[in-house]
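Assemble the whole structure, with the sequences as input and the hints as a guide.
Protein sequence lines, in the order shown, are assigned to chains Z and B. According to my numbering, the first sequence is numbered sequentially starting from 1. According to my numbering, the second sequence is numbered sequentially starting from 1.
FYI, nobody ran anything at the bench for these hints, they're computed from the structure. One or more of the hints may lead you astray.
To be verified - Reference excerpt, derived from the structure (chain B facing chain Z, CB under 10 Å, subset only):
1) S204
2) V206
3) G211
4) R276
5) S277
6) E324
7) W325
Every residue, glycine too, gets a C-beta built ideally from N, C-alpha and C.
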Amino acid sequence: MKHLLSTENLSAANAIRILDTAEEMAAVGDREVKKLPALRGRTVVNLFFEDSTRTRISFEAAAKRLSADVINFAAKGSSVSKGESLKDTAQTLAAMGADAVVIRHWASGAPHRLAATDWIDAAVINAGDGTHEHPTQALLDAFTMRRHWSKLKGSASTGADLTGMRVAIAGDVLHSRVARSNVWLLRTLGAEVTLVAPPTLLPIGVEHWPCKVSYNLDETLEAGVDAIMMLRVQGERMNASFFPSTREYSRRWGFDDARLRALDELGLKDTIIMHPGPMNRGLEISSAAADSPRSTVLAQVRNGVSVRMAALYLLLSGDTREAATTPGTARSDKESN
Amino acid sequence: MTETATGTATGTYLIRGAAILGGDAEDLLIRDGVIAERGTGLSAEGATVIEAPGLVALPGMVDIHTHLREPGREDAETVETGTRAAALGGYTAVHAMANSNPVADTAGVVEQVHSLGRASGWVDVRPVGAVTVGLAGEQLAELGAMADSRAQVRVFSDDGLCVHDPVLMRRALEYVKAFDGVVAQHAQEPRLTAGAQMNEGTVSAVLGLAGWPAVAEESIIARDVLLAQHVGSRLHVCHVSTAGSVEIVRWAKERGINVTAEVTPHHLLLTDELVRSYDPVYKVNPPLRTDADVQALRAGLADGTIDVVGTDHAPHPSEHKECEWAQAAMGMTGLETALSVVQESMIETGLMTWADFARVTSTVPAAIGRVADQGRPLEAGEPANVILVDPAARWTVDPHKMATMGRNSPFAGRELPGAVIATFFKGHPTVLDGKLNTPYRYAADTAGAGSSS
Numbered sequence: 001m002k003h004l005l006s007t008e009n010l011s012a013a014n015a016i017r018i019l020d021t022a023e024e025m026a027a028v029g030d031r032e033v034k035k036l037p038a039l040r041g042r043t044v045v046n047l048f049f050e051d052s053t054r055t056r057i058s059f060e061a062a063a064k065r066l067s068a069d070v071i072n073f074a075a076k077g078s079s080v081s082k083g084e085s086l087k088d089t090a091q092t093l094a095a096m097g098a099d100a101v102v103i104r105h106w107a108s109g110a111p112h113r114l115a116a117t118d119w120i121d122a123a124v125i126n127a128g129d130g131t132h133e134h135p136t137q138a139l140l141d142a143f144t145m146r147r148h149w150s151k152l153k154g155s156a157s158t159g160a161d162l163t164g165m166r167v168a169i170a171g172d173v174l175h176s177r178v179a180r181s182n183v184w185l186l187r188t189l190g191a192e193v194t195l196v197a198p199p200t201l202l203p204i205g206v207e208h209w210p211c212k213v214s215y216n217l218d219e220t221l222e223a224g225v226d227a228i229m230m231l232r233v234q235g236e237r238m239n240a241s242f243f244p245s246t247r248e249y250s251r252r253w254g255f256d257d258a259r260l261r262a263l264d265e266l267g268l269k270d271t272i273i274m275h276p277g278p279m280n281r282g283l284e285i286s287s288a289a290a291d292s293p294r295s296t297v298l299a300q301v302r303n304g305v306s307v308r309m310a311a312l313y314l315l316l317s318g319d320t321r322e323a324a325t326t327p328g329t330a331r332s333d334k335e336s337n
Numbered sequence: 001m002t003e004t005a006t007g008t009a010t011g012t013y014l015i016r017g018a019a020i021l022g023g024d025a026e027d028l029l030i031r032d033g034v035i036a037e038r039g040t041g042l043s044a045e046g047a048t049v050i051e052a053p054g055l056v057a058l059p060g061m062v063d064i065h066t067h068l069r070e071p072g073r074e075d076a077e078t079v080e081t082g083t084r085a086a087a088l089g090g091y092t093a094v095h096a097m098a099n100s101n102p103v104a105d106t107a108g109v110v111e112q113v114h115s116l117g118r119a120s121g122w123v124d125v126r127p128v129g130a131v132t133v134g135l136a137g138e139q140l141a142e143l144g145a146m147a148d149s150r151a152q153v154r155v156f157s158d159d160g161l162c163v164h165d166p167v168l169m170r171r172a173l174e175y176v177k178a179f180d181g182v183v184a185q186h187a188q189e190p191r192l193t194a195g196a197q198m199n200e201g202t203v204s205a206v207l208g209l210a211g212w213p214a215v216a217e218e219s220i221i222a223r224d225v226l227l228a229q230h231v232g233s234r235l236h237v238c239h240v241s242t243a244g245s246v247e248i249v250r251w252a253k254e255r256g257i258n259v260t261a262e263v264t265p266h267h268l269l270l271t272d273e274l275v276r277s278y279d280p281v282y283k284v285n286p287p288l289r290t291d292a293d294v295q296a297l298r299a300g301l302a303d304g305t306i307d308v309v310g311t312d313h314a315p316h317p318s319e320h321k322e323c324e325w326a327q328a329a330m331g332m333t334g335l336e337t338a339l340s341v342v343q344e345s346m347i348e349t350g351l352m353t354w355a356d357f358a359r360v361t362s363t364v365p366a367a368i369g370r371v372a373d374q375g376r377p378l379e380a381g382e383p384a385n386v387i388l389v390d391p392a393a394r395w396t397v398d399p400h401k402m403a404t405m406g407r408n409s410p411f412a413g414r415e416l417p418g419a420v421i422a423t424f425f426k427g428h429p430t431v432l433d434g435k436l437n438t439p440y441r442y443a444a445d446t447a448g449a450g451s452s453s
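Pasting the structure below:
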């Protein structure tokens, strides 16, 4: 693995390796001195073309716990806002000796461009690109699910996958990079995924994805789920006629108090409620659901640091043993050149 | 070749043993700008002899859809560089699209482009006039003034933008009947394609790029063929890209509607799978579609539903492609690869012959554009717009070796068949041995006389 651009081509071996490494990193977070010397002298640049305080500080905390030097480069208030191109920005960072670039960009595919061109030779981590992918979010979600699933089964997380786990992902799939990254990664890890959304918020071609699709959240819950992940829905979508009103959206596709009670009535006592944040309380998720013991929202944030430490460590520590023994598809090979 | 042709007084060339339209080998004697003789065993005093066994002789290609960028974007292409590329690609005429800056929406601008074309002398440059002022889609441009100008415009298009207002489209279709014009529609429903980045389908779903649905093209074509039928006008559909569009055009032709349709070389060969690289060299409008669409377009071109190949040659400066996909300009170069791509997709697949090739790249596009002296048969007495093609050649596309200023060829690195060995424009070799020779020089006193000098 030279880059982490997507989960679509991430092999099961590499995914589990990242999750297992994240377990080790999580142990560091429980120590009094939350710091490892692993990346001392290495430079990690957080290159953010789109506002995202949560993801940025998560990566920043991860890099600092590994003793890397961290540079935050936000598009606003920088030369980027004066019209500097992605190419010039990348070449500038290369000239400054960046070892890894964590990039968040509003344009789908921007991290792929950085990785595929000769503009910069650093490891590239996709911290969310447009409506394409957000691989570290999916990895931290999978990490959270795996801990829960392993605990239920009474076995260790390390080395495990998600075989048999039923996961529903509900909301604006069309515009969600989180949904895409989760669908591919959860498939790779053996989970059974159902997407739940109004038909207007599902992409054309979703029928070819390795998951089930439902327009009805209640039926999906009744069929039984082990984790329900609610996606953020922007109220502005209403203005583009994706749905008639936020109230109608909430009634049909929001995880409200009635559906929280329904989990109990259905006997789904171990089902967890997930959300990548930031939440629209009262729209896609009710406060009672977000704050219930089933909610893993804060655990996801906590696990995010561990997973990002693992990704940075594996990409920058020069340990490529497993990547060499688990070649991906031709395309993923190309991406990692 | 050091001579410079002047007016109609060009040199004498004897082409020996070329397969005429891919048929039997014959000789062609070119003298004084016309094909003087066609036959076997020809000879002529003082003629430059070109031994052409194994080569195919075809009428000079006529591009119905070229962006020469001048005036306004001379950093992307000029009439000089674009027409050099055209000559090397086997063209003897190109239709220069109207989306320059200023827009070609007045007699002054089309005459300027026309004059630049004559000064360059590599091909016949036929300006396309804008349908609406500034391509804004609100008010008809002075179509009659452009038709009557020295440029003698017959093709009108807002290409790059769709004439989406149905009333305006109806009026344009009606109005151009007064001077035998044609409206060339860029079929793209704007509301269905707001922010569109690529073909909407399984690939866009995975890549998270905003979709350009086939229905946005097909719904406009369906509307326009019905409008053309209603007002009895001539309609040309630019760069048809979907299987559904082919079906609608086929239906319209069966009903006797006067519609012609065009396909680009890239839509005959490439699919949206290439977008998975996020390399903007594959970003084009209309977008690359699916393999099913490619097959339908090939079948439509072979059976005559699609009338012509138009390159939609769209050079861009490299900075407009060296960026994020969503920021990148749409468009691909095409003049220097069109022949090879059509050979690969249509002839080597057995779908068409070289005679069919001549029909879709020369005869019919010349007829659509009302270019009287182009797309003619290779017979004695006809204007000598002739190309020689080596169908056995194979070459690897290198955009940096092209005459166009655009480096945005989606075929870069690809091996393609077929090479243009010679291009005769008005009897003068603009290309010899596969290399640029010298341009044709118009006699000074014919500068204002249109294309038939």
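Hint check results:
For the restraint placing S204/B at the interface with chain Z, the shortest Cβ-Cβ distance is roughly 7 Å, inside the 10 Å limit, so the hint holds. This hint holds: V206/B has a C-beta 7 Å from the nearest C-beta of chain Z, less than the 10 Å allowed. At about 6 Å, the closest approach between the beta carbon of G211/B and any beta carbon in chain Z falls short of 10 Å, and the interface hint on this residue holds. Satisfaction of the interface hint for R276/B is found here, the shortest Cβ-Cβ separation to chain Z being roughly 7 Å, below the 10 Å cut-off.
For S277/B, the suggested interface contact is upheld, since its CB lies about 7 Å from the closest CB of chain Z, less than 10 Å. At its closest, the beta carbon of E324/B sits 4 Å from a beta carbon of chain Z; the interface hint therefore holds under the 10 Å criterion. Residue-level restraint check for W325/B holds (minimum Cβ-Cβ distance to chain Z is 5 Å; threshold 10 Å).
In summary, this structure violates none of the numbered hints.
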